[in-house]
Amino acid sequence: MSKIKAENVNVYYGSKQALFDVSIDIAEKEVTALIGPSGCGKSTFLRCLNRMNDVIEICRVEGSIKMDNLELNSRKLDVVRLRENVGMVFQKPNPFPKTIYENVAYGPTIHGIAQSKEEMDQIVETSLKKAALWNEVKDRLDEIGTGLSGGQQQRLCIARAISVSPEVILMDEPCSALDPIATAQIEELIDDLKKEVTIVIVTHSMSQAARVSQKTGFFHLGKLIEFGPTDKIFKNPENQQTQDYITGRFG
Amino acid sequence: MNLILVTFIILLAFTSYYFGRKKALVIQSSQRLTALPKFYGYYLAAWCAAPALIIFALWSVFEPSIVKTFILQDYTDQNLTKNELQLIYTKVKALAAGTYTGNITNFLDESANKYIQLKGIANSAKVAIILAILIFSLSFAYRSVQKNDRMREPVEIFLKWVLFVASLGAVLVTIGIVFSLLFEAIRFFQAVKIFDFIFGTHWYPAKTFVRDGQPDPELMKDAFGAVPLFAGTFFIAFIAMCVAIPIGLLSGIYLSEYAGRGVRKYAKPIIEILAGIPTVVYGFFAALTVGPFVKEIGNAMGLEVSAESALAAGAVMGVMIIPFISSLSDDVMTAVPQNLRDGSYAMGATKSETVKKVIFPAALPGIVGSILLAVSRAVGETMIVVMASGLAANLTMNPLESTSTITAQIVVILIGDQQFGDPKTQSAFALGISLFIVTLFLNVIALSVVKKYREKYE
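Same order as they appear, the protein sequences are chains L and H. For the first sequence, the residue numbers in the numbering used here are 1 to 251. For the second sequence, the residue numbers in the numbering used here are 1001 to 1458.
Keep in mind the hints are simulated off the structure, nothing from the lab. Accuracy of the hints is not assured; some may be wrong.
Claimed, not checked - Partner residues are not named here, just some residues of chain H that face chain L (Cβ under 8 Å, in silico): (1) Ala-1259; (2) Gly-1260; (3) Tyr-1345; (4) Val-1358.
All values reported here derive from a predicted model rather than from experimental measurement. Note that CB positions come from ideal geometry on N, CA and C, so glycine has one too.
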């Protein structure tokens, strides 16, 4: 079943066009990987899905992006509600310089989800458990989040993202700043999370895309070159450019 | 004479730079150079200028006192005091320069001739010695250039010393200023008890002025109480901060988080220009516009307002400090990494929530630092207070009355007639050093807070 349906999405930074007629169907409760060389527009596309491009003044998005029949690329859209439903994890772990507890409680506080202190404690615990971080930090929830290791910080950010129970989580190269062990932990986590949420992940690592995703899209120079089941993209791509990229001939 | 000598040394240094570089190119034809040709030039120029200029400087420092000793030797048997000897020496110098108009005794005349003679000898000796040094050091340097010695290291060492001497100079001057303040202040505290100064509540130094004679110690006790001044200083600074902190912070937040790029591009430099307006301009703005305005409004409300009120001075001082706070807090908040903002927006936070919950707390140490720096500026501000808040040191907490500050009182003490060695004059130094200690304290706290903040993101 399709969760997000993008049709003919064009994105411009000032006069420079970054995305050309991208159309893609993202299936529910699956992991969709977006791969491609640097500057190919995969992160730009990802940021369309929770309207993070609004932050960039000169950015302009055209086309239609529908999530459960709700048009995302519309002026009338309540961006705050959208972002409650679509969480995001960034390339560099970016916990707030607050305590671990406050980091996770940030979203529920903003959206007024928890009615009592007990409920909030419960949300924080569940989120940290889902992010596989609970056992490591349960005794030091009042320590500053920025004091954790890189991998722990990234899992804290994932806990922060899932604290408001989003339907979709966007991940923008979540492992590029992490070592192999932390990367393996995050990948395992992604596998667990996909039972409940739809995940779109941008990655530089083709092996990571192959390991975690069910569908893969290959971007090049702002165009979606090929999109399909991960197995097919990696074993039997239709497009020559995809073939070249997968086999490491460019990019 | 001195000017010609220095010009000659500098010109010679430039010439030897080009000469050294040329020589290097000649060496290059037969063997590999040890450094770029310009290093050969620097090497020669440094050896040419540095020793000669050092000797020149030392000579200029010591020559006058040596000449003085020689002249005053003739007067040692006359049992003169130090001040009288100084007077004689001044007379001799004036006579030698042809500007003396008093009685010329034989003895004085003789001394003046001797002075001229000594000066002549000293001058020719100076030229001779410096020329000798120039020849010696240049030939030494030229020989090592010829031998194609390593050039890079000596030049680098030379530069290191130049930089060291420059920083040493800056530090020594500061220390010198502090010590001169300190010594005068100590002399003041010999006349006035430090307890009376710190805890006394009356500041009226003019009271101690007694023509030709020592003032009454009882009077001294009650004339130099600094409490009204400290109170006034902090009171006016407090009023200033009440104006500057809210406006400065809010405009800083607007600039860093809300303003578009176009607005920021023009608004920020304009605000920084405001910080460059001379304080005396703010001063007459306070005295001629704000002061009367405050008085008028107060009178209309049936309040008694003095034309020179603490409120007017404090408010204008606050306006003066606004750009300081807004520009600094804008910088600190802009320095908060973008990915924290992204993280907050991605959670669905609005702009104001992001500012309140993420940006402001993250930037808080830096903002506190900027506020403390602003306070130390407010405490040290002089002109506005002198012009707008009057000079009478009232001990009051009423912003509508006039009050005075430490800096303003220092101005009052040191303009007009004054006498060194008088406690009234020396009290300026005591005030100066206490102000220095207060602002130093504030700056140290501010800097350590800012530093702590910096460590967080690196």
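Tested hints:
no. : hint     : result
1   : Ala-1259 : violated, 11 Å
2   : Gly-1260 : holds, 7 Å
3   : Tyr-1345 : holds, 6 Å
4   : Val-1358 : holds, 5 Å
Checked against the numbered hints above, the structure violates only hint 1.
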